[in-house]
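**Student:** Start from chain A and add chains B, C, D, E and F according to the hints.
6 protein chains.
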Amino acid sequence: MNNFLSQHAHEQLDHEMVMIEVNLDDCSSEVLAYTMDQLLAAGANDVYYTSIYMKKNRPAYKLSVLTSPTKQQELEEIIFKETTSFGLRFFPVSCHRLGREFYKAKTQWGEVTVKIGIYQGERIKFSPEFEECRALAEKHNLPLQLIYDEAKSIAISQNK
Amino acid sequence: MNNFLSQHAHEQLDHEMVMIEVNLDDCSSEVLAYTMDQLLAAGANDVYYTSIYMKKNRPAYKLSVLTSPTKQQELEEIIFKETTSFGLRFFPVSCHRLGREFYKAKTQWGEVTVKIGIYQGERIKFSPEFEECRALAEKHNLPLQLIYDEAKSIAISQNK
Amino acid sequence: MNNFLSQHAHEQLDHEMVMIEVNLDDCSSEVLAYTMDQLLAAGANDVYYTSIYMKKNRPAYKLSVLTSPTKQQELEEIIFKETTSFGLRFFPVSCHRLGREFYKAKTQWGEVTVKIGIYQGERIKFSPEFEECRALAEKHNLPLQLIYDEAKSIAISQNK
Amino acid sequence: MNNFLSQHAHEQLDHEMVMIEVNLDDCSSEVLAYTMDQLLAAGANDVYYTSIYMKKNRPAYKLSVLTSPTKQQELEEIIFKETTSFGLRFFPVSCHRLGREFYKAKTQWGEVTVKIGIYQGERIKFSPEFEECRALAEKHNLPLQLIYDEAKSIAISQNK
Amino acid sequence: MNNFLSQHAHEQLDHEMVMIEVNLDDCSSEVLAYTMDQLLAAGANDVYYTSIYMKKNRPAYKLSVLTSPTKQQELEEIIFKETTSFGLRFFPVSCHRLGREFYKAKTQWGEVTVKIGIYQGERIKFSPEFEECRALAEKHNLPLQLIYDEAKSIAISQNK
Amino acid sequence: MNNFLSQHAHEQLDHEMVMIEVNLDDCSSEVLAYTMDQLLAAGANDVYYTSIYMKKNRPAYKLSVLTSPTKQQELEEIIFKETTSFGLRFFPVSCHRLGREFYKAKTQWGEVTVKIGIYQGERIKFSPEFEECRALAEKHNLPLQLIYDEAKSIAISQNK
Chain A
133 MNNFLSQHAH EQLDHEMVMI EVNLDDCSSE VLAYTMDQLL AAGANDVYYT
183 SIYMKKNRPA YKLSVLTSPT KQQELEEIIF KETTSFGLRF FPVSCHRLGR
233 EFYKAKTQWG EVTVKIGIYQ GERIKFSPEF EECRALAEKH NLPLQLIYDE
283 AKSIAISQNK
Chain B
133 MNNFLSQHAH EQLDHEMVMI EVNLDDCSSE VLAYTMDQLL AAGANDVYYT
183 SIYMKKNRPA YKLSVLTSPT KQQELEEIIF KETTSFGLRF FPVSCHRLGR
233 EFYKAKTQWG EVTVKIGIYQ GERIKFSPEF EECRALAEKH NLPLQLIYDE
283 AKSIAISQNK
Chain C
133 MNNFLSQHAH EQLDHEMVMI EVNLDDCSSE VLAYTMDQLL AAGANDVYYT
183 SIYMKKNRPA YKLSVLTSPT KQQELEEIIF KETTSFGLRF FPVSCHRLGR
233 EFYKAKTQWG EVTVKIGIYQ GERIKFSPEF EECRALAEKH NLPLQLIYDE
283 AKSIAISQNK
Chain D
133 MNNFLSQHAH EQLDHEMVMI EVNLDDCSSE VLAYTMDQLL AAGANDVYYT
183 SIYMKKNRPA YKLSVLTSPT KQQELEEIIF KETTSFGLRF FPVSCHRLGR
233 EFYKAKTQWG EVTVKIGIYQ GERIKFSPEF EECRALAEKH NLPLQLIYDE
283 AKSIAISQNK
Chain E
133 MNNFLSQHAH EQLDHEMVMI EVNLDDCSSE VLAYTMDQLL AAGANDVYYT
183 SIYMKKNRPA YKLSVLTSPT KQQELEEIIF KETTSFGLRF FPVSCHRLGR
233 EFYKAKTQWG EVTVKIGIYQ GERIKFSPEF EECRALAEKH NLPLQLIYDE
283 AKSIAISQNK
Chain F
133 MNNFLSQHAH EQLDHEMVMI EVNLDDCSSE VLAYTMDQLL AAGANDVYYT
183 SIYMKKNRPA YKLSVLTSPT KQQELEEIIF KETTSFGLRF FPVSCHRLGR
233 EFYKAKTQWG EVTVKIGIYQ GERIKFSPEF EECRALAEKH NLPLQLIYDE
283 AKSIAISQNK
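Going down the list, the protein sequences come from chains A, B, C, D, E and F.
Just add 132 to wherever you are in the first sequence, counting from 1, and you've got the numbering used here.
Just add 132 to wherever you are in the second sequence, counting from 1, and you've got the numbering used here.
Just add 132 to wherever you are in the third sequence, counting from 1, and you've got the numbering used here.
Just add 132 to wherever you are in the fourth sequence, counting from 1, and you've got the numbering used here.
Just add 132 to wherever you are in the fifth sequence, counting from 1, and you've got the numbering used here.
Just add 132 to wherever you are in the sixth sequence, counting from 1, and you've got the numbering used here.
For the record, the hints were derived by calculation from the structure and aren't laboratory data.
All of these numbers come straight from a predicted model, not from anything done at the bench.
Even for Gly, the Cβ is constructed at its ideal location relative to N, Cα and C.
Some clues are possibly wrong.
[Said to hold, decoys possible] Result set (DSS-like, lysine-lysine): computed pairs, CA atoms no more than 25 Å apart in a straight line:
1. A:Lys194 to E:Lys187
2. F:Lys188 to C:Lys271
3. C:Lys187 to A:Lys247
4. C:Lys188 to B:Lys194
5. E:Lys247 to E:Lys271
6. E:Lys236 to D:Lys188
7. A:Lys213 to E:Lys271
8. C:Lys188 to F:Lys213
9. C:Lys271 to A:Lys203
[Said to hold, decoys possible] Distance windows between CB atoms, simulated:
10. D:Ala267 to A:Ala173: 42 to 50 Å
11. D:Leu274 to A:Lys238: 21 to 29 Å
12. D:Ala267 to C:Glu261: 23 to 31 Å
13. B:Phe223 to E:Gln252: 45 to 53 Å
[As the list claims (entries may be wrong)] A few chain A residues that don't get close to chain F, going by computed Cβ distances all over 12 Å:
14. Val163
15. Thr202
16. Pro224
17. Lys238
18. Gly242
19. Glu243
20. Thr245
21. Glu254
22. Cys265
23. Arg266
Chain A extracted, bound-state conformation (with noise of 0.2 Å):
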């Protein structure tokens, strides 16, 4: 099993991030789009919007940014300019994260990376690249499905 490339082979628990949210009622899809993408770019762990019902009417959107301490000010300073918001909240959060290794299946169309997450010392799931089976599939010209299917099925072949 050496093409199996450790990360962080252990699991972690980090009990110091912190979630922020804030309800947007007069921004447009595009401005939200931007936005997600300027949060990220920052450093932010995680970004998503989530549809909701807002008081007079108005469908809205939630936006959640997960963030460790230390990029909070610097995410709050682009929710604030670059969004319609006059506030924001936010609380902490623990995280439980697997440990992960990475292997290289050869597929009969080129090599994928599969992504595998380690729970209690056992590899218990194998995720194949989506954006490195997305160019085999357009070089190929073939569904994408088949060759995540291949690179995982070999992937978890390998670890029997």
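**Tutor:** Using the frame of chain A, we list chains B, C, D, E and F on its own:
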């Protein structure tokens, strides 16, 4: 049962209705709510929004407007003037509506109109007018659901 | 009122609950439904999904699991084994629950249990057990709402 | 390849289908779920809900029912009897369905049926029956995804 | 710049806020809208709904209420009395609010108040009051967006 | 006004468009995003997803593809090859598009193209090209909204 007031007691089938749809991705929620009001005031039969996912990572809203063909042009003009849309689409739909009657239910807190739905000659649906329940709830400082339930229960009993 | 059966008649305030959340973007809906079943069977207090918008144009789902701390590890293991997730987050929440009683309402079609909510010593909520209404609706070939409404109405009357 | 069982091996184009839609704003979720069951049991081809935003600040659900014209009246009756709706709408749709075959994949944990989709004579889609995977997962206490992946992989290999 | 009216011109950081959440699966949309009104009238800082997917195939809504601790008990009472909920949960959140000023923009159609957001001493956000724009739009029979854009543009120019 | 560039300056009404829809319940979000890209690259007029609730407790997505009939077959092939779908549906729709012009707005930070919508001969809609605003925002390290607002304001002024 002479408290029952017939509106159009027989079911209707209308094959000449139109559904207008438009995807809005750069329109604030305030404008969405305002446009809904304008469309209803101008005679749309129904207006609603659905949260959708567009290209370029944009969460957006689909506006749906149900109308008779005679109102279609006026409603399209409102959509084009008030929203950010450069194009809309529409298709024909048929509508099947129940016959309707109204009954005055005398609750212990005051009278509430109950809308009754008639399917193939039979009273099958009893729906207290929400705004009247709300007015009584606020006047008597009671949970609205209590008044709603009693009005419905009285109308059902009268029908037996 | 001796038909009322007390379960835990007083309200409860529990400050030791945990909310686990995880964003899933490469998991089929079949697996989402299956995971929900597994989590509930293992003792989660509540499980629900929310549709979210992630980066790279990916519509996805957030899984939320409410649990006591004693079950947290077991539920995390299910999440890691059944879904595609490489990480989850959690935070403490407090729960406020109404006192509960159960009343057997004798409708004309059969008996239906009504769950009653008690707030500061007062019975304020009457909720017929849905599955029992469903069984009677199917047995007598009647609209379910009819049976539900009668059971609720009987329980409310008995309480006066 | 004599393990492949043909159902209707050729693609179908059916221009006579009907989509029924109805907006429900005063109907509990329990009733929504029950109505879906009733509609499927009565022969609807597909049933689903979409979250929508209606006037007067009301979050609501749109019910969509795909059906052949021969079932339309029966399904409309269920909608009118079980839900709070006073009106529904419908419009004609065409359906394009792949040809289908079924293959029995012999996994190390037991047999799983794989549904295969045929487009213009070519097998392009391999979909293990979820309930069979579920049964094996529960019997052997294994992650469901593991069994699903192996069954799919076997069917794809056999097809080469 | 003496047209700018300061409200609380400095940013605020409030660590003592509370988020109340409750999942509602047997509550009509009319009641959801009414409950939102009651909560806002009683002093909730923010109220919104999110569409969620619960067990037993039930599409439902999560109610979220942001409040100061002094209002928490009163708001919980409204939730328990008006909705079908038997339990709710809550957790502490911190709020970060921009400083605010108000500017009277003199458009060609009339005066519009513009709310201004101040981040670290700098005016960064200009938001015309929607209801005032709406009144002018209806009075002059013009697209609302036109008036909104002019008011915003005037306030930005004055700030330079 | 010779800076205004006419594309197809008159409104269009096209009665020959097709809306393709397909419900996807066992397809990962990565594949959903990839399929959207493939469909747009192949010439679909519009592609979007809607979150829906299917039977057996499955949160899923509806894919909607707006197309001319000449592209329909090619787009159906992409759907069948890339997604997990065994069937799709389609129905005819009419499209009403505004006339379009383009104006080069000279902002203090650089030129931005503004798309203008023409309804019955009148310029009623001014929409700055988002990607151009984005490029200037990144170049000058400014909030994107600032540049967007100025470009829009210049185009509106020129039109008077």
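**Student:** Compare the structure with each hint and give your call.
**Tutor:** These are the hints, each one checked on the structure:
no., hint, verdict
1, A:Lys194 to E:Lys187, "24 Å, holds"
2, F:Lys188 to C:Lys271, "23 Å, holds"
3, C:Lys187 to A:Lys247, "19 Å, holds"
4, C:Lys188 to B:Lys194, "21 Å, holds"
5, E:Lys247 to E:Lys271, "22 Å, holds"
6, E:Lys236 to D:Lys188, "31 Å, violated"
7, A:Lys213 to E:Lys271, "33 Å, violated"
8, C:Lys188 to F:Lys213, "21 Å, holds"
9, C:Lys271 to A:Lys203, "61 Å, violated"
10, D:Ala267 to A:Ala173: 42 to 50 Å, "46 Å, holds"
11, D:Leu274 to A:Lys238: 21 to 29 Å, "27 Å, holds"
12, D:Ala267 to C:Glu261: 23 to 31 Å, "29 Å, holds"
13, B:Phe223 to E:Gln252: 45 to 53 Å, "52 Å, holds"
14, Val163, "6 Å, violated"
15, Thr202, "22 Å, holds"
16, Pro224, "28 Å, holds"
17, Lys238, "22 Å, holds"
18, Gly242, "17 Å, holds"
19, Glu243, "19 Å, holds"
20, Thr245, "15 Å, holds"
21, Glu254, "23 Å, holds"
22, Cys265, "9 Å, violated"
23, Arg266, "6 Å, violated"
The structure shown violates the earlier hints numbered 6, 7, 9, 14, 22 and 23.
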